[in-house]
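Each chain, written out:
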Amino acid sequence: MIAEVESLTPVIAILCPAIASILIVLFGKWPNIREGWTMLAGIIQFLIVISMVPVILDGNIITCTFFTAFPNVEFGFSVDAFGLVFAITSSFLWILVSSYSIGYMRSLHEHAQTRYYFCFAWAIFGAVGIALSGNLLTMFVFYEILTVSTYPLVAHDQTPEALFAGRKYLAYLLTSGVFFLAALIITYHISGTTDFVNGGIPNLAAEASRAVLVVLFMLFLLGFMKAAWMPFHSWLPTAMAAPTPVSALLHAVAVVKAGVFGIIRVVCYIFGVDLMHALGLGLVLISIAIFTIIVANLFALAQDNLKKRLAYSTINQLSLVIFGVALLTPEGIEGAMIHIPFHAFMKITLFMCAGAIMVASGKRNISDMAGIGRVMPVTLITFTIGALGMCALPPTAGYLSHHLLVHGCEEAGGAISYFPYILLIAAILDVMYFFPIIYIAFFKKPEGGSKLKEAPLFMLVPIVITATCSIIFYFYPDLFYMSDLVETAMTSLNIGGGMHP
Amino acid sequence: MLSIEHLPVLVVVISMLSSLTILVAGWRNKKSCCFIAFATILIQFIMSLFILQHVTTEGPIIYWLGGWSPPWGIEYVVDALNAYVLVLLLFLALVCVTYSKRNIEHELPHQIVSFYALFQLLITGLCGITLTGDIFNMYVFIEITSLSAYALIASRGKIALKASFTYLVLGAIGACFFLLGIGFLYAITGTLNMHDLSLILPSYYENRAVQAAFVFFTVGLSIKMALFPLHVWLPDAHSFAPSEISALLSGIIIEVSTYAFIRICFSVYTVDFITRYVPIFDFICWLSAIGIIVGSILAIAQYNLKRMLAYSSVSQMGYIMLAVGLSTSTHSPLWGGLNPALMHIVNHALMKGCLFLIAGAFIYKAELWDIADLKGLARKMPYTCFGFTLAAISMIGVPPSVGFVSKVYIIFASLDAASAGHPAYIVFVAVLLFSTLLNLVYFWRVVETLYMKGEDIHSQSVKRDELPLSMLIPVLILAALCIIVGIFWLIEMPLPVFDQINALFGLGEYATS
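One line per chain: the protein sequences are E and H, in this order.
So for the first sequence, the working numbering puts the first residue at 1; every next one is plus one.
So for the second sequence, the working numbering puts the first residue at 502; every next one is plus one.
Just so you know, not all the hints are guaranteed correct.
[Claimed, not checked] In silico EDC-like cross-links for lysine to aspartate or glutamate, where the CA-CA straight-line distance does not exceed 20 Å:
# : chain 1 : residue 1 : chain 2 : residue 2
1 : H       : K876      : E       : D157
2 : H       : K954      : E       : E110
3 : H       : K881      : H       : D773
[As the list claims (entries may be wrong)] Estimated spans, in silico, between C-beta atoms of each pair:
# : chain 1 : residue 1 : chain 2 : residue 2 : range
4 : E       : P395      : H       : P924      : 58 to 64 Å
5 : H       : K964      : E       : W30       : 40 to 46 Å
6 : H       : P969      : E       : T68       : 41 to 47 Å
7 : E       : L283      : H       : A931      : 24 to 30 Å
8 : H       : V733      : E       : L8        : 24 to 30 Å
9 : E       : A3        : H       : P997      : 33 to 39 Å
[Said to hold, decoys possible] Stretch-level coverage of chain H by chain E, calculated; a stretch enters the list once three of its residues show a Cβ under 8 Å from a Cβ in chain E:
#  : segment
10 : 851-864
11 : 895-901
Simulated from the structure, these hints should not be mistaken for lab results.
Everything numeric in this text was worked out from a predicted model, so none of it was measured.
Note that the Cβ used here is the ideal one computed from N, Cα and C, for glycine as well.
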């Protein structure tokens, strides 16, 4: 029996960045103190989030309700194991990226830094809020906050290109917010509740016809355009106009993961696996995911700009998460859930490396990076670790999640048991666009001298930490309680295996 | 002895006397005008709070002017609906009058006295419309409001004269329709008292003249409240008026006409008449839905900020009238009846009031009328621009702002109506969601210009050039309320006042089907 523990802890965790944002504005004239608040808030938030773990691992849920917005729809938080996985990932990486931002923004003498840190704090506010929210309405509120607060970050450079990127970003994501709202309202209209329930809202199937449910699911999918599934992905590569720390935390972790997080929530906690089976929606989702995986990888091959290539790689990896959940089998969903933190750590390493290269040498394009591994050995070694992860090679975390996904395919049985070959093709494509970078960086002759010139320590330390974590995950997946939490989430979901034809 | 029964009439009388006082006092000392107006409106506002408190706890207040009993004398009847609108109207007037002090000294330095005299007269008219229980008296106050509005809009001279003239012509036509309706009703029933009319009329519902009168009222008031496609006067009038008048015009004056419409529909006529004899609400719903979309599209086409806001008002009036139109077919205690309409009246007053005052602030500081000229203003006027952003995201409907709440409530109302016998109303859900996107397009353009454009972004020293506090505080109060009231709606609905209003008219959960 799941016990519900009333506690204010989730609220305090979410308020950390909100309070920090006010302090950041107040201390805008003193950069050191301003960044100090960001770091402090990040550390406190992470500790608070971690402190919730023991209660959750006992199979309980922490709830905190503010008020009832509509009958049966409370505005409030309800922390479960899966939400906590996302919350821990975002809050821990916020600390590292804050440190990285300090190095990056100061080295490049960026303008409007107060606005930058202010918006960053609100973005984290939104991301952690999404992770901890207990129903669709609360999630929607934070989802929109996340969208709006990241706009100034995307358009940060204020060049026509950045403004265009910002506009495109908003156009895509707020439009998707409208679909989300529509889906939310229809769900409420049909079932009278929007709470996330293990195994899906019970009366959803009984109250609505098949066609309505399929349309509803499509609305949800469109609502989670943040997951960058094709053909609604093009905001993500464009948004790479943002400063690199933004691309790192938001466009590899917080924003896009909020999208896939939402999809998992909808599949497992609103519709439920059984209903998804009954409606045949798993196959729809799988088709979208496979299409995205392959096409995004092909696009990535063609990019010369390192950040753009990473962006397409992100699109590909996000669809792996969608792929996992679309299998509708225990191990598939487990793989999808665990891929959220694992991919976050690996991809953030890659992005931070790209930023470090830009700061240290000013190079953005892969073709210019000949021999850069000799100039920046630490950065490029960590880059290699991240790249191995993307290609699902041991000893990195990426191997583990792919392993689970392959098992998930086998569990599904039928035609789907051949799908691991698709994953294999995807991994080969991954190799095809990541290994050339490593080759160019280490084995080609540098044009200038090969004098050591690394990025500042503020940037280097976070990169090394995330890269190390990506390796530790391989040997000890329970770092930050990740695998335990996912196991707990799976136990409470209680899905039977092998139901595909 | 002053008792609560006297307050309604005092609100009107004080205001009217104050208007004359301003005229006299202004001869000697121009500076006193603003203070007299401010003090009067403050007193009125406090009175209105007492009225609201009394009405919600103890029931309607009835006052017979001169002791003449109705239907011979004029009667003031204050129930929950009047009190609610009155509080809102005086609150916005208070905000605007505070804001106007510095702005009018700058914008209309030679017309301070006449401005405040007319301003006070405008408030008198608005209070009168909301408080009276006599239909002809209502007409008189509508005329007082309109006449002072014509003059105020024209006060900037030049092109504003043309705007004012257009408004005058169309406003006069609207008033004629309204008067014609009154004439028809008087010819048939021989009474002008609303309560009396509502007792006599049901036996004449079959009568063509009674039905025609209703249509005249509807058309007349539709012009006054700029319901699409009778909105043509609005963009000019709103963009060329002094900004505090634009804020009032958009935030309250057209809403008070909506109030008059609701009053005529449900107090003079009844739900029964509207649903069975002249089923006009269905038509109004569709018209509003078109208005929502067309208003937004026209707003996108504008390059002048105030004009864009004016077209946005056309669209927002569509929201309100759509909600009014749905009121007879919804039965939920939460979003049934007039709830969404009353909610959006407040929300629109807050948002649009704030936006117009800020548009006025840009004009006050640097004569900036066009959106393209607002480049990089966020660094010069950070607080004002922050206020604009808050109000803009409310207009777009980002949670938890007021715009979000009204949108959700109207959508729920449409769904409710759709499942209760009007399946086509499901279209309104799409219309409302689509209008969100249109709002996004034209408001975000402004926000982007304010924050993200501008020449030398890397120069550190931009001189702050904020508004004076007497203008900044009203703006920021309205902006903050856009968020606070949004959360308030989420927490506090269903509000007892709304409940009383629905019970009064037999709407929502009190409907007898």
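* Asked: CB of L283/E to CB of A931/H, is that within 24 to 30 Å?
  -> holds, 28 Å
* To do: Starting from the range 40 to 46 Å, see whether the pair K964/H and W30/E falls in it by beta-carbon distance.
  => violated, 21 Å
* To do: Could you see if the CB distance from A3/E to P997/H stays within 33 to 39 Å?
  => Since A3/E and P997/H have Cβ atoms about 37 Å apart, the given range 33 to 39 Å holds.
* C-beta pair P969/H, T68/E: status relative to the range 41 to 47 Å that was hinted -> holds, 42 Å
* Residues of the segment 851-864 of chain H with Cβ under 8 Å from chain E, three needed, outcome -> Result for this restraint: violated, n = 0.
* **Restraint check for K876/H with D157/E, where alpha carbons must lie at most 20 Å apart** => holds, 15 Å
* Pairwise beta carbon distance, V733/H to L8/E, judged against the given window 24 to 30 Å -> violated, 55 Å
* Pairwise hint evaluation, D773/H against K881/H, where the allowed Cα distance is 20 Å at most -> The hint is violated at about 57 Å.
* Asked: Does 58 to 64 Å hold as the CB distance between P395/E and P924/H, or does it fail?
  -> holds, 60 Å
* Count the residues of the segment 895-901 of chain H with a beta-carbon closer than 8 Å to any beta-carbon of chain E: does the count reach three? -> holds (count 4)
* Are the Cα atoms of K954/H and E110/E separated by 20 Å or less? -> Given pair K954/H, E110/E holds - Cα atoms ~16 Å apart, limit 20 Å.
Hints 3, 5, 8, 10 from the list above are not met by this structure, while the remaining hints are.
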